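These protein sequences, in sequence, are chains A and B.
Here this note's numbering is used: position 174 in the first sequence is 182, and no number is missing along the way.
Here this note's numbering is used: position 95 in the second sequence is 607, and no number is missing along the way.
The set of hints was computed from the structure by calculation and includes no laboratory data.
In this text, all values refer to a predicted model and were calculated from it rather than measured experimentally.
Warning: the hint list may mix true and false statements.
To be verified - Quick list of in silico lysine to any residue cross-link-like pairs, SDA-like style, CA-CA up to 25 Å:
#1 A:Lys64 / A:Thr75
#2 B:Lys670 / A:Gln415
#3 B:Lys601 / A:Gln415
#4 B:Lys670 / A:Ala850
#5 B:Lys592 / A:Glu462
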Amino acid sequence: MKKTIALLLAIFMIVAMFAGCANTDENSDGGNADVGNTDQPDDSNTPDDTDPSDVKDTYTYQDSVVTMATNWNPHTYQTTDDAYPSDIGRIRIGLYDIIFNDELHPVEGKDPYTGYVVIPEMAASEPVDVTEQVKAEHPEFNIPESATAGYAYTIDLNPNACWEDGTPINADTYVYSMQRLLDPDLMNYRAADYYAQQLSIAGAEAYANGGHTAWADALGAYALADLVKGEDGNYYTADGQAVGIGLKIALDWLSGDTLQAYVDAYGADYFDVTNWETLTGMMDAKGVVRLNDETLALFTPVVTGNEAWGETEADLPNYFVTGTDYPVVEYDGTVGLYKSGDYQITLVLAKSLAGFNLLYSLTSNWIVYEPYYEACLSESNGVWSSTYNTSVETTMSYGPYKLTEYQTDKFMKFEKNETWYGWTDGQHQYVDPTDGNTYDMYQTDVIECEVVAEPETRKLMFLKGELMSYGLQAEDFASYRNSDYVYFTPSETIYFLILNGYKDAIKGREAAADFDTSAYDLETLTLKTFKQAMAVTYDKELFCSTISPARSGGYGIIGNAYVYDVDTGSMYRDTDQAKQVLCDFYGVDVSQYASLDEAVDSITGYDPEAAKELYAQAYQEALDAGFITDSNGDGICDQTIQIEYAISTDSDFMTQTLDYLNEKVAEVTVGTPFEGKIVFVKSAPYGNDWSNKIKAGLADTVLAGWSGSSLDPFGLTDLYVNPEYQYDAGWFDATTVNLTLTIDGEEITMNLRQWSDALNGATVAVGDKEYCFGDGIADVDTRLTILAAIEGEILQTYNYIPMMQDASAALLSQQVYYVVEEYNPICGRGGIQYMRYNYSDAEWAEYIAENGGELQY
Amino acid sequence: MAKYVTQRILLMLMTLLIITCICFVLIRMLPPAELPLNDPHTQVIEARREAAGYNKPYMVQFGIFLKNVFTKWDWGVSDKLYFGQDVVKLFATKLPATVCVNLYSILLSIPLGVALGIWAALKKNTWLDYTISTLTMVVISVPSFVFAFLIQYFLSYKLGWFPFLMKEGTDYFSWNMFVSMLPAVFSLSFGVVASFTRTTRAELTEVLTSEFMLLARTKGLTKAQATVRHALKNCMVVVLPAIFGEFIGIMSGSLVIEKIFAIPGVGGLYLNAINGRDYPIFIMVSCFYTAVSLLAGIVIDISYGFIDPRIRMGSKK
């Protein structure tokens with residue numbers, strides 16, 4: 009007993025010793041229960057002899073994330089988690105920013121907080137178009153002769169902008185940063201943002217790819233006889249372009265897929281894979297092997313050596329790609345971003361961009377702090393890496409806040425950046441619509457963010473007043489759906505069930521030795537009638553309320569949050585064209601309703617009786633086609649239609665989804681030939697490969713969706729007609745579906761791909777006429793008509809069955825409020841910029857204590 | 513003894529090399545994460561992969577890796593999860609949190625587990641023994657994350673005695689940090705306490721019924737003296753290696769507990785490295801744990817000789 013007591017005593021002493029080693033630094037005081045309780049002002053603001061009544065209230069925004077940012081370098085960050093310091097922490101700010109319109113920032117014809125205003129931030133004023141001047145003075149940027157505007161701008165920089173240490177930010181900073189961003193040796197992830205996206209800086213691609221070769225699908229344009237053999241033994245086009253075999257390049261011949269994806273999926277069943285490993289060993293980083301006699305000899309049997317693939321040597325050119333060599337070039341004179349004054353830069357673009365889209369593209373920034381940036385670069389075996397912006401020591405802020413604490417995978421803290429110009433420029437103020445008073449933006453003094461991985465923990469912390477918001481989980485909706493503090497936020501994505509229609513792939517699967525065709529069938533799934541039946545089997549609202557209550561039923565393929573007119577903020581789904589197309593698709597007779605709105609509101613997409621009829625019809629079609637049998641003549645299908653649902657990783661959500669799909673299809677098929685014969689089963693976890701499985705027809709369904717730019721619904725059409733993106737490219741060719749529309753009195757017939765291309769700015773030739781319905785070329789109404797018509801055609805394929813409109817719901821702490829309740833697709837609810845506090849930190853602590861440490865929502 | 517230890521160390525180094533090679537090849541054989549087609553960013557990723565030598569034959573890659581480690585102590589930089597950061601430094605920043613939480617857990621649970629085991633053995637077949645044994649089985653059957661949530665709910669939320677999460681910062685030996693670690697420590701300890709209780713009780717029960725214990729009592733020792741001097745010492749042949757094993761285990765993080773209590777430790781790092789195909793982190797951490805485990809095996813083997821002199825290491829007789 010004595011020894012036990014002695015042991016316990018020893019443990020106590022050890023613990024006491026550790027406690028004695030306590031770091032007395034004030035930063036280490038306080039447990040997590042006190043995190044964010046900065047009710048004591050810091051020493052810099054409050055001398056010891058200050059009257060307590062003069063103590064400034066502090067406001068701390070306490071946030072949580074599941075994954076902490078690890079790299080917020082504007083040149084290399086890759087994930088949305090990494091964007092936290094700039095998006096929420098606001099340690100950096102763009103040349104321009106978008107804020108709400110109010111009395112201080114009025115927009116003609118718009119009520120306060122119903123629109124937005126673009127204001128200069130790191131810029132001093134709006135860009136000035138100097139296309140004509142630059143075209144004349146700098147022919148090296150190749151501005152088209154016909155262009156008179158939209159290609160070159162001068163941007164005056166804000167002379168008051170500086171880094172948090174006071175170092176000025178001037179034109180040299182911007183030019184240095186762009187040069188480093190595009191540096192071909194550094195291979196920065198974000199470089200492509202400045203040449204391959206909407207904002208495409210002249211010469212940026214050539215500079216960034218200097219010393220490399222870029223490959224593109226030759227589209228079968230060159231037969232071997234058209235090529236010439238160079239001195240190095242490799243083949244070239246007549247005009248000197250290098251030619252290769254695209255093993256891992258998306259090819260039009262393969263409906264936008266890569267040969268490697270096919271070989272990985274089908275292997276020796278369809279290809280002669282004897283030489284495949286040798287070939288891939290010779291492949292470069294871009295997925296190409298140079299074409300020469302040796303590689304051609306190795307490659308030819310791959311696609312011609314297996315009868316199942318069924319190709320001959322005549323098909324080989326479809327795998328050829330042509331390369332563009334980018335020589336090493338100097339930045340100066342190549343890249344269209346240069347200094348034109350100490351506080352002025354000139355931006356020259358490869359593609360014209362103007363108006364809102366130009367300003368929107370410049371709401372992000374690329375500048376880096378040169379001393380830190382250079383110190384953080386390191387090279388190992390020819391590969392450059394950088395630790396810039398991975399810690400407090402490697403971060404220099406220039407926005408309203410600065411990073412003051414960071415612990416990897418744990419915690420980050422931002423405090424007001426005293427050197428930010430915005431505190432004193434008088435521009436960063438707004439009129440609160442609730443009380444009519446004018447306030448400074450950024451009331452929040454401190455932003456603290458820590459990793460809280462478990463939603464249950466987040467909820468408890470939120471209810472204790474330790475977090476500002478809590479994203480509701482499915483099980484929370486019963487309790488909080490009607491709370492005064494719950495906010496629903498719509499999102500762009502529509503989730504649809506993709507239904508496999510890839511007949512060749514399905515036949516291949518059914519031919520496998522382990523597939524029992526007497527017990528199972530997959531081919532019935534490819535019948536349009538069967539897909540139609542599936543489409544009306546599910547009550548979308550019930551589906552959402554069962555598996556994801558924050559979301560709502562989805563009916564079109566374009567979501568509710570897409571703005572088609574950035575000037576007015578008008579939404580596509582609110583237009584007559586978008587409403588009418590849904591009514592047409594779901595068979596709603598608009599004349600039976602008082603208005604189009606009422607008609608569209610009546611859509612449920614759920615019709616079990618129609619589903620039964622369609623299942624009966626599909627059964628007969630499948631029987632006639634020999635897909636299924638009815639050996640005992642009981643009118644019930646012998647085979648089970650086993651639909652494999654492609655999962656990336658297994659989860660409760662997946663289980664609930666499949667349970668719902670199975671339960672409802674079982675209910676609806678009662679009394680039909682498919683009673684008890686349709687089953688959804690989970691696939692093996694495919695990880696990121698799930699989309700390839702769907703595209704290759706190796707899995708049958710999945711709940712998936714696209715999220716495009718919320719300000720460009722028109723661009724979405726490409727995702728459904730371009731085989732490079734289509735999920736259904738293997739069994740739906742948009743170039744074979746014609747659509748006739750009457751535009752300005754002219755009846756125009758084009759295929760879906762052509763309509764989509766024309767809608768998105770390409771000039772499409774049909775017969776002897778050319779059409780382009782791009783932004784700024786066709787009127788908005790025409791573009792909406794085309795968009796709605798394409799949406800209707802895609803819905804009619806039944807390859808995509810809309811199920812869910814994405815959205816989220818979160819509780820907001822009683823400590824704060826949004827100045828606007830209504831969600832704005834461009835400005836959200838104002839974010840940290842407009843957040844107002846009901847209680848300071850000290851008051852909040854008191855309030856929580858008064859409520860017994862547990863808040864009610 | 514020295515010869516035996518030398519042999520074991522050489523064998524350990526060879527085993528380490530073989531395991532490292534297997535891990536290295538296997539992780540690189542995993543297909544890289546699919547990249548979206550026609551996304552211009554993927555070209556950069558592919559180009560970086562090429563430059564980093566990921567498209568070279570595996571054994572060539574392994575050779576480069578060994579060369580860098582032995583000539584420059586260069587274990588590489590993270591190329592995905594913690595872009596550009598030195599993996600050794602990264603691991604070093606993660607280890608203290610894991611070690612601290614596990615150390616506190618062991619300091620709490622081993623004495624408690626052994627004491628409960630002794631108590632149950634001495635009171636064999638009484639209500640006390642039944643209670644301890646039943647509780648032990650219950651605790652062993654319940655996963656630690658269940659305790660974690662219960663502790664969070666009752667001690668942190670309802671009673672407000674502890675913070676929900678481990679405190680931020682690196683002041684690992686401060687009082688506030690210690691208090692913030694306690695929920696995690698308790699969650700980890702339940703299982704360890706139960707495990708030691710069960711082992712100690714089983715061993716001690718067997719030893720207490722041995723004939724030499726009867727002899728010890730007949731020669732005049734009290735029950736306590738006989739238990740401490742003879743029974744406990746004999747049962748330690750099994751218990752002590754388990755204790756060593758636990759101490760070695762303090763460096764391995766509990767993924768679930770680290771996640772629930774936001775402990776920035778190595779558990780999550782290792783798993784994320786595998787999921788994210790962050791090869792440099794995976795290999796560095798794998799090598800570290802392999803080395804530690806092999807070393808632990810040697811230490812435990814040698815410890816037998818000290819605990820029970822009848823056990824001779826490396827003896828051919």
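Restraint status (C-alpha distance of Lys592 (chain B) to Glu462 (chain A) at most 25 Å): Cα-Cα ~24 Å, so holds.
Pair hint Lys670 (chain B) and Ala850 (chain A), alpha-carbon separation not exceeding 25 Å: holds (22 Å)
Distance restraint between Lys64 (chain A) and Thr75 (chain A), which requires alpha-carbon spacing of 25 Å or less: Violated - the C-alpha atoms of Thr75 (chain A) and Lys64 (chain A) are around 33 Å apart, more than 25 Å.
Given pair status - Gln415 (chain A), Lys670 (chain B), alpha carbons within 25 Å: violated (29 Å)
Restraint check for Lys601 (chain B) with Gln415 (chain A), where alpha carbons must lie at most 25 Å apart: holds (13 Å)
Hint compliance for this structure: hints 1 and 2 are not met, and every other hint is.
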